[in-house]
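*Asks:* Chains A and B supply the protein sequences, listed in that same order. Heads up, the first sequence is in my numbering, so the first residue is 1 and it goes up one at a time. Heads up, the second sequence is in my numbering, so the first residue is 1 and it goes up one at a time.
Calculated from the structure, these hints are not laboratory results. Watch out, some of these pointers could steer you wrong.
Result set (DSBU-like, lysine-lysine): computed pairs, CA atoms no more than 35 angstroms apart in a straight line [stated by the list, open to error]: (1) B:K23 <-> A:K295; (2) B:K6 <-> A:K79; (3) B:K254 <-> A:K386; (4) B:K23 <-> A:K328; (5) A:K34 <-> B:K247; (6) B:K72 <-> A:K227; (7) A:K188 <-> A:K227; (8) B:K23 <-> A:K34; (9) B:K20 <-> A:K79; (10) A:K386 <-> B:K20; (11) B:K20 <-> A:K275; (12) B:K6 <-> A:K275; (13) B:K72 <-> A:K260; (14) B:K254 <-> A:K246; (15) A:K295 <-> A:K259; (16) A:K465 <-> B:K62; (17) B:K62 <-> A:K259; (18) A:K259 <-> B:K23; (19) A:K259 <-> B:K20; (20) A:K34 <-> B:K6; (21) B:K230 <-> B:K72.
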Amino acid sequence: MDRMNIVIVGHVDHGKSTVIGRLLADTGSLPEGKLEQVKATCAKNAKPFEYAFLLDALKDEQSQGITIDAARCFFHTKKREYIVIDAPGHIEFLKNMITGASRAEAALLVIDAKEGILENSKRHGYLLSMLGVRQVAVLVNKMDLVEYSEKVFRAIEKECGDFLKGFSIKPSAFIPMSAMNGVNMIAKAPEMPWYTGLSVLEQLDSFQHESTSEAYPFRFPVQDIYKFTELADERRIMAGTILTGKIQVGEEVVFFPSKKRTRIKTIEEFNAPSKPEASAGEAIGFTTETQLYIKPGELMVRASDPAPAVSTRFKANIFWMGHAPLVKGKKYKLKLGTSRPSVRLVEVLNVLDSSELTSIANKAQVDRHDVAECIFETGKPLAFDKAGDLRETGRFVIVDNYEIAGAGIILEALPEDRSILKDHIAQREKIWERSGVHSSERAGIYGHRPAFILIAGKVNIGKQKIARELEARLLKQGVKAFYLGISNLVSGLDSELPPGAESQEEVVWHLGELGRIIAESGQVFITTASDLDDFDIETLRILNSPNEILVIQVGASTFSSFQLPFVLGENEPLGSAVEKIAAFLKRKEILLEYYL
Amino acid sequence: MDTLRKLEAQSIHILREAYKEFKSLVMLWSIGKDSTVLLWLARKAFFGHVPLPLLHIDTHYKIPEMIAYRDKLAADWHLNLVYGENAQALAAKQTYPDGKVDRLTCCKLLKSEALRHTLSGEWPRYAFDHKLGRYVQEANPQPYTGVIVGVRADEEGSRSKERYFSPRDKQNDWNIGDQPPELWSQYKTDFAPGTHVRVHPLLDWTELNIWEYIDRENIPIIPLYFNNGKGLRYRSLGCYPCTGAVKSNARNVKEIIEELRTGKFSNIAERSGRAQDKEDGGGLETLRREGYM
């Protein structure tokens, strides 16, 4: 059977739970005996029965008398099955409303005819727009309390229509009704002959499914890469869920931000016949013709489709739910598709009070329940689309202190900049305490200049061996060489970092700082790294400045466009590999020839 | 995509997300239809493999066919199967069948307590050794930080409020009033040391969806769900002292689906055969807060 997710929103006490209770009861969707059971409980507690109680399954909720979470209920009409999400109207539970509404294809906004439009009516309306719920019907509830007056209804219709228009929602309908009395719920009732539109249930059945997103450009965030060796499985599968568009076997794809290219070899699925095409919505896997070095978090795009934006900077509208405000200078985690870079707030352009929708200028931070237009900068380049073009890849959440604290939609990409890193370097170099011994003087005494040698290449290709041999070779001829095993850094200084991509950013950052300090000591600093990309190298270069970083690549390059200064063959014997590096250091005038 | 394909894709996405984000991940397997569908979805998510351990809490009052079926599937699908139990309560006969405690206390001891201490690694775990063909005690059980559970929102009230990724603190407590937001397929995958996360890939499935999917994918299901020839079948599986069979002539998956769609069960809750649900108005909510599945 066809199924649709709908959400019911509105100000607290305007009757959302009653609407749902009615829908469940009047469509015969309640389990047998449930209605009687709730009525009996009410009688026992000497309180009048209300349809809302049907939903109050939890003790917590009954004691507070408000819906605290977006509960799911199921009901069905002749046309289809509905999952209805009852979103709480109380401000404290706004994040639950967000959770509920983000899953819905259509929304019912409930407004109390007697109380009219209140704070959360507006706030919820705005959030529906931001969350991308495009089909909205406004239920003007409790019409019995205003004697089913057309005048009252028309006034609310006008006012509500105006504010919804303000954020581009055009309601499918305004329905005068009374959930408690079952008026205009299932069928049209005689109380309001002046109303000629649909009943609530008829309106629900007239909502359409969102048009398929297959027509959009192909977007596949790489969720994970699997190589399960059990039972002699040789496949290396890129797994994920297709957000939009479609792709066929043999078509060329590009990964962003790395810009690496290959072709689709197979579409992988368990317990299903092999197929030549996959499309939006499918949780699926691909193998590719060439085995690229791709990390989870990249966005796979069909080469013939428009490319996404790639930048570290963008402008976005953000809604903040965190207990602590969103502030500048603090590092957060961003989640967009499957990418997980760190992110910082660069600038607050404009803050909107989401209840009054008035703009507050000159705010330096974003408080709880604020909606703000901001500029953000990520710690790694991010591939995305403008939400206006492709909302699936144009929206993100921000994690603060283990919790999803903000939700945002991207308005535009801004030119890539590394202002945070550059500001940091400027600050660092300004207060850097320099040695009384000049670096050239130190080089004269040591017989060599300082250097940061980074041996890069795939895992298990013998980088450590080369690094250790190089350290020994250089020390023997009097060079102050020092090899740092990368695992010593990860399990030592960085052992407190949680697992994940944003921690890798941190390790790179620390490595750059270490390189800078050791270079200051005049030593030749040697280390290895397996999964750095172009951006990481650039980070190291900036952090290590004013000193130079020398990248020695072992085997095929794992970088996209970074020009390698020196490459060693994968099968180069250890001895000659080390000699070649030493010769390279002479060419770079690290080792001063006349001292050897 | 039809409803089943959408549900399948969402569950697979959640399973892959959990597998990527949690270092110490386990999937609970109750042998029932829901968690067996979950196990099947794991094979889908990981392309025929099940790269994570499955945990069964053995109350030793399970319907005997369930244990036989568990061990057979473990061998056939080469599963990394682990079980745990409340050995003290069983030894002291602190159980409902022994007449010493009521049904809810029995559930609390044999399921909730056993689960909590098995997850944390405090109590012994027994892993199925495929070479030896029997269970062997785990040498050094580590706490699991991600626990995948096959609960559905339509089962009863408290489950309708669950998140796909639902945090639990050190005491296994579930703070229903302050749950993390979930939107745009982004879940709570960051957690403070000492806490763990329950993952619920089947939240949006209904009982009917489960059976339709079993039918479509031809998933081997334990025959206790079918009419045993005496006009009785189990609709929900649990411990034999507290789980009653229902009157039904459904002999196979298709007949169950027909029964659920149009027949006598279309308006009767699935857990109506579970005696412990009826003991007190909020019994199941209380148990769930304490970690009951």
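*Asks:* All the hints need checking, so say for each whether the structure fits it.
*Replies:* Okay, the hints, checked on the actual structure:
1. Distance restraint check for K23 of chain B and K295 of chain A: the Cα-Cα separation of roughly 18 angstroms lies within the 35 angstroms cut-off, and the hinted pair is therefore satisfied.
2. Distance hint between K6 of chain B and K79 of chain A is fulfilled; the C-alpha atoms sit about 18 angstroms from each other, no more than 35 angstroms.
3. Distance check on the hinted pair: K254 of chain B and K386 of chain A sit about 47 angstroms apart at the alpha-carbon level, beyond 35 angstroms; violated.
4. This hinted pair checks out: K23 of chain B and K328 of chain A have alpha carbons roughly 32 angstroms apart, not beyond 35 angstroms.
5. For a cut-off of 35 angstroms, the pair hint linking K34 of chain A to K247 of chain B stands: about 21 angstroms separates their Cα positions.
6. Of the pairs offered as hints, the one joining K72 of chain B and K227 of chain A holds, with about 27 angstroms between alpha carbons and a cut-off of 35 angstroms not exceeded.
7. Straight-line distance between C-alpha atoms of K188 of chain A and K227 of chain A comes to about 59 angstroms, which puts the hinted pair past the 35 angstroms bound.
8. Of the supplied pair hints, the one linking K23 of chain B and K34 of chain A is violated, its CA atoms being roughly 42 angstroms apart against a limit of 35 angstroms.
9. At most 35 angstroms may separate the alpha-carbon atoms for a hinted pair to count; K20 of chain B and K79 of chain A exceed this at roughly 39 angstroms.
10. Between K386 of chain A and K20 of chain B the CA atoms are separated by roughly 27 angstroms; this keeps the pair inside 35 angstroms, and the hint holds.
11. Simply put, K20 of chain B and K275 of chain A have alpha-carbon atoms about 26 angstroms apart, close enough for the 35 angstroms limit, and the pair holds.
12. About 18 angstroms separates the Cα atoms of K6 of chain B and K275 of chain A, which keeps this hinted pair within 35 angstroms; it holds.
13. As the CA atoms of K72 of chain B and K260 of chain A are separated by approximately 45 angstroms, the hinted pair breaks the 35 angstroms bound.
14. A C-alpha spacing of about 34 angstroms is found between K254 of chain B and K246 of chain A, which places the hinted pair at or below 35 angstroms, so the restraint holds.
15. Straight-line distance between C-alpha atoms of K295 of chain A and K259 of chain A comes to about 12 angstroms, which keeps the hinted pair within the 35 angstroms bound.
16. Taking the CA atoms of K465 of chain A and K62 of chain B, the gap is about 56 angstroms. The hint is violated against a cut of 35 angstroms.
17. Under the criterion of a C-alpha separation no larger than 35 angstroms, the hint pairing K62 of chain B with K259 of chain A is inconsistent with the structure, at around 55 angstroms.
18. Restraint check for K259 of chain A and K23 of chain B: the C-alpha separation of about 30 angstroms stays at or below 35 angstroms, so the hint holds.
19. Note on K259 of chain A and K20 of chain B: the hinted pairing holds, with a Cα-Cα distance of about 23 angstroms set against a maximum of 35 angstroms.
20. Proximity of K34 of chain A to K6 of chain B is assessed by CA-CA distance (about 30 angstroms); at most 35 angstroms being required, the pair is judged to hold.
21. A threshold of 35 angstroms between alpha carbons decides the hint, and for K230 of chain B with K72 of chain B the separation of about 26 angstroms falls inside it, so the pair holds.
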